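From first to last, the protein sequence lines stand for chains A and B. For the first sequence, position 91 (counting from the first letter as 1) is numbered 309 according to the working numbering, and the numbering increases by one without interruption. For the second sequence, position 71 (counting from the first letter as 1) is numbered 289 according to the working numbering, and the numbering increases by one without interruption.
Hints are computed from structural coordinates only; laboratory data are not their basis. Do not rely on the hints blindly, as some may be mistaken.
A pair holds if it fits inside one copy or across any two, identical chains being indistinguishable in the list.
Heads up, simulated EDC-like pairs for lysine to aspartate or glutamate below, C-alpha to C-alpha not over 16 Å straight-line [claimed, not checked]:
{"#": "1", "residue 1": "LYS417", "residue 2": "ASP501"}
{"#": "2", "residue 1": "LYS375", "residue 2": "GLU364"}
{"#": "3", "residue 1": "LYS417", "residue 2": "GLU505"}
{"#": "4", "residue 1": "LYS513", "residue 2": "ASP340"}
Since the structure is predicted, the reported quantities are computational estimates derived from the model, not experimental observations.
Protein chains: 2
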Amino acid sequence: MTDPLASWKDGAAKQAILNFVANATLPDSSTFVPPPDRIATFDNDGTLWCEQPMYVQAFFVFDRIKELAPQYPEWKDREPFASVLRGDIKSALAGGERALLEMVMATHAGTTTEEFAAIVRDWLAVAKHPKTQRLYTEMVYQPMLELLAYLRANDFKTFIVSGGGVEFMRPWTEQIYGIPPEQVIGSSIKTKFEWRDGKPVILRLPELHFFDDRSGKPAAIQHYIGRRPIAAFGNSDGDLEMLQWTSAGAGRRLGLIVRHTDGDREFAYDRSTMGSLDRALADADREGWVVVDMKNDWKRIFAFES
Amino acid sequence: MTDPLASWKDGAAKQAILNFVANATLPDSSTFVPPPDRIATFDNDGTLWCEQPMYVQAFFVFDRIKELAPQYPEWKDREPFASVLRGDIKSALAGGERALLEMVMATHAGTTTEEFAAIVRDWLAVAKHPKTQRLYTEMVYQPMLELLAYLRANDFKTFIVSGGGVEFMRPWTEQIYGIPPEQVIGSSIKTKFEWRDGKPVILRLPELHFFDDRSGKPAAIQHYIGRRPIAAFGNSDGDLEMLQWTSAGAGRRLGLIVRHTDGDREFAYDRSTMGSLDRALADADREGWVVVDMKNDWKRIFAFES
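Next comes chain A alone, as it looks inside the complex:
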């Protein structure tokens, strides 16, 4: 038989996953979970793909500002745009959440949903990761792709529950992760149905609708999925409440934290500007969450490794 988790080294993490799935799927056992209840939720940034040195969506924002700059000559003299156009990301981010939100709205709103999906697709087809010079869609973790496929082969329904923008993920998650648009949950801006040249369109508005992080994640899981996952996968304190909500359900549950420990093949960090792994790690032992040590638990991190 082929190993469904071939990129995972034999060890406690892999064994915990195999045991959990075996228990959930064994008919007539006390731990059996009917297929409709086999809901598994995955964080995206840092859990399914690389989030360093910045979130991929942040690279998208900065590239879009440069692309759109000719239409907005005033940006040359206006922060945070002026700093981005000078290539000074650090200064651009110095304006904090307000500056970030302004940049997100300037680059994510004002188009129809179909136009935006095309912009994301076109960008991902050419943009490269600064460390590896690979496409961002190649910067996905091979062991997690195997885990997603393994769960689905065992009648789990796999969902993304990410702080990232939902419409930034949907154009590519089906092809890359096998997760269809309707199983992608993320942050969102408001939209509006309207008519344009005799055709209905859905317009993206420059106003935040929902921020899907921390305690927003379990609330979003209930709002969008309507039942509690039996397995949840994350990598930072942004996933803590999702892990807690999942673990607090009846019966066996699987919580798993991907820990970034491999500075050579990927990046080594618990704390970074892209979030911290602190409280969730402290709670892992007591809650029985599996902590994956990327350096020691994964044979390969990326498919392109030789």
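Once you've looked at the hints, dock chain B against the given chain A.
For chain B alone, coordinates are given in the frame of chain A:
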């Protein structure tokens, strides 16, 4: 071969459905639609189950007010609650949208999501429809159950997109319609993740989050599903924009309107306090939408008919 639409009379409506599905599923044809894109969206009230003489959820609201009244002695002297407690629904509704919203919040908020689901289940197990004395979950249209099953047997994914409350539908749609909670889209109130006696809960707050009707339906379809349906089913002008959005996509599309024409077996109405079928009917010809005449197109309306 068994007729998958056995409760549908042979005629134009049934034939249009069979043709649409045959075209979408015929491999190597120009009209073939890959299974992941076979998204079908259904309105609920008046499309899948009976909405007369009132929305089922309205009966739930009034019953809950009576049930909760001992905890709120002040309701005896406060409208719209006082009218409900006197059995005068007409006066209770005279306060318009504001009175209705107040009654909805009083009966839908203040519990955890799990508590609310149990309340809905318990109520549906005993509450009876005033005309037939049947359980509300028996007041579902048999031809539409067959249509749902037929579409799913042809690899369609079926969704509810209803103005009704999403958490009022989810506790029973899987059992009654075969539609799991994660494929139910509806109106919602805000929620909050919090800790109670050392356990995480999601609390329902008395504040409207999203009203899923009219132009809100296509916006919700994009927000929750992330792709455009190829088939949409409704019964009133509240479904007009969903039908328009569906029909405006490329390739063949199916739009269908259930028209209530049978005063004996069900109710006969185009306009009622539960919404109007007016503009959507006027547009049906031009848009090529199928109009189902319940009296003449359906052999049986309810499964309990002899």
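Structure-based check of all given hints:
Proximity of LYS417 and ASP501 under a CA criterion of 16 Å is satisfied inter-copy only: 15 Å between copies versus 52 Å inside one chain copy. Taking identical chains as interchangeable, the C-alpha atoms of LYS375 and GLU364 lie at most 16 Å apart only when both belong to the same chain, with a minimum of 14 Å there against 25 Å between chains. Taking identical chains as interchangeable, the C-alpha atoms of LYS417 and GLU505 lie at most 16 Å apart only when they sit on different chains, with a minimum of 13 Å there against 52 Å within one chain. Neither within a single protomer nor between protomers do LYS513 and ASP340 lie at most 16 Å apart by alpha-carbon distance, with minima of 33 Å and 51 Å respectively.
In summary, the structure is inconsistent with hint 4 from the numbered list given earlier, while agreeing with all the others.
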